[in-house]
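Enquirer: Now for the letters of each chain:
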Amino acid sequence: MKELHSHPLVQRFLAEVCRYVRAKEQHSDIKAELVDHLADRIMDYTSRGIEKEESIALAIADMGAADVVGSGLHRVHRPLMDWSLAGILLLFMAMGIFAVYSAQAGWPQSGNGYDFVGKSVLFSVLGIGAITALWFCDYRKLKSYSHWLFAIALALMAVTAATGIEINGATRYLSIGSFQLDTAMIGMFLLLLALPGMPPARNVKQDIFGVAYRLLIPLALFHMCESMAVGAVYTAGFFIHLWLTRRTMKQFWIIIAGVFALIAFEGIRSSPYWLERLTSFMTLNDPQGADYYVIQTMETFRSAGWSGHGLGAFNERLPFHHSDSAFVYFIYCFGWGAGIGIAAMALLFIVKVIQLISKQRDDYGKLLLILLLTMLGVQFIIPILMVLGLAPYVGIAFPFLSYGNNQLLLHCVTVGLILTINKRRNMRTSLN
Amino acid sequence: MKVNKELLKGSTVIMILTLLDRKEMYGYEMIKEIECQSEGVFSLKEGTLYPILHMLEAERWVEASWSEHEGRKRKYYTITDAGRGQLKEKKQEWNLFRGALERVIGEGHA
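Line by line, the protein sequences are chains C and V.
The numbers in the numbering used here rise by one with no breaks, and the one at position 36 of the first sequence is 36.
When you read off a place in the second sequence, starting at 1, and then add 1000, the result is the number in the numbering used here.
Simulated from the structure, these hints should not be mistaken for lab results.
Values in this document were obtained by computation on a predicted structure and should not be read as measured data.
If a hint is listed, it holds; no wrong ones were tucked in.
Simulated crosslink set (DMTMM-like; lysine to aspartate or glutamate; CA at most 20 Å straight-line):
#1 C:31 - V:1029
#2 C:366 - C:82
#3 C:359 - V:1059
#4 V:1023 - V:1068
#5 C:31 - C:16
#6 C:359 - V:1063
#7 V:1073 - V:1024
#8 V:1073 - C:44
#9 V:1045 - C:54
#10 C:31 - V:1057
#11 V:1091 - V:1059
#12 V:1045 - C:16
#13 V:1032 - C:62
#14 C:423 - C:138
#15 C:423 - V:1059
#16 C:359 - C:25
#17 V:1088 - V:1057
#18 C:352 - V:1059
#19 C:423 - C:82
#20 C:359 - V:1081
#21 C:31 - V:1070
#22 V:1032 - C:44
#23 C:24 - C:138
#24 C:31 - V:1063
#25 C:359 - V:1057
#26 C:366 - V:1059
#27 C:366 - V:1057
#28 V:1045 - C:67
#29 C:352 - C:362
#30 C:31 - V:1068
#31 C:24 - V:1057
#32 C:141 - C:25
#33 C:31 - C:62
#34 C:423 - V:1057
#35 V:1073 - V:1063
#36 C:52 - V:1070
#37 C:366 - V:1063
#38 V:1045 - V:1033
Given these sequences and hints, build the entire structure.
Expert: Structure, rendered in structure tokens:
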């Protein structure tokens, strides 16, 4: 019955069915399944004494109209666009431009006439362009480049640590012409993008080398670029990846214990009040020092009230009002309601992506989605907690709302990847 | 007597899930089983089974795996925990519907 595939009647039927199914990856699955069915049905007919050619024609007729079968299959396997996620993204981008406009209106003298709003619009357009380009790419091709991505990220950060320039107290920028690359953020993004395609933790032969290469070296580089907050986001992603690809529970807990012991030891050795700085936001007993920003942020938040102080309201308390403090400044201008609205949008975004993760069947795609969500989710949640006084003041800015061309583009690429991974959710083949 | 197409549509999913709740099966096997058990009342156009199976797979109510059979590739389906939950729900829905219908058309009481 092997020759059934090439029988003209069968071939025509299969071609007709597949003509409707746009996901080409599915064609061989569909053909194999239908041929198996036809072969059984034909055998049934011939065993009842019906001649072979007639049996084939009868079996195909039993299948029903090829266009009905084909369009039915297409509906299942068609590319999927998650419009609600795309909608949230566009809303965030619009809010971001508006927030930057407001921040600039409040400080017309800052930046010496630099056009923040124009730049934000330009990079939003570039971001949408990147999302569109990603839509037409197959994310699975990334997998084989994972080792390279990881190495490139490390190299990029190493170069920055050695030769980078300092902006706002962090040596995390690399100058290329007139443009400053935020290599800490880009590095973190590339590392998290690479992890899902690297061997799972259960297949790493020597845990010590695995952890050293995948966590300790990146952390040392984040430390040298003075961007430990970004390093913390990466660490969260690393441990989630470790948990999801662990060999045993024991492996996971030993690595966690080892890493934290090492970090605590190194932290206390290099700067005795390192831990104090991270935890002092809970007690707020140092208003002139470590807690200064936390207190200013909370005070600004409290004074906003329900109505806010209006567009471009002046506030001399806030540092970095258009970047790290963008969320609290937005609330200061437009009131608590606006803050709740933004926080709700961020939570909705997270919940939407969790839903997409639960529907994803491709293991690689699922891991990628989880790490991309970790990256964006942490950046959404920390600034919200910070405003409420529940997290220390660290250099993590609210995505989209804060000014930063690098970050805007990176976040767009992140959402673009989420959309394009989800696009192929039902297009994947199960036949090898 | 054959059953109306629309009536059949809604019940195909519940029939497939019920079959798969018993054992792992492939498409043709399900067609034969449904035909046999319903004594020919339910005979659907065989090709239309596959969009439904693929939809169930996309919803993760069933899982599929391939194996070799007489030189051909055969796709087997198994029900998942989510699929069992779905089946339970659909059966309750069906019982409610059947009870109500029987009361209305007057065959429910003896």
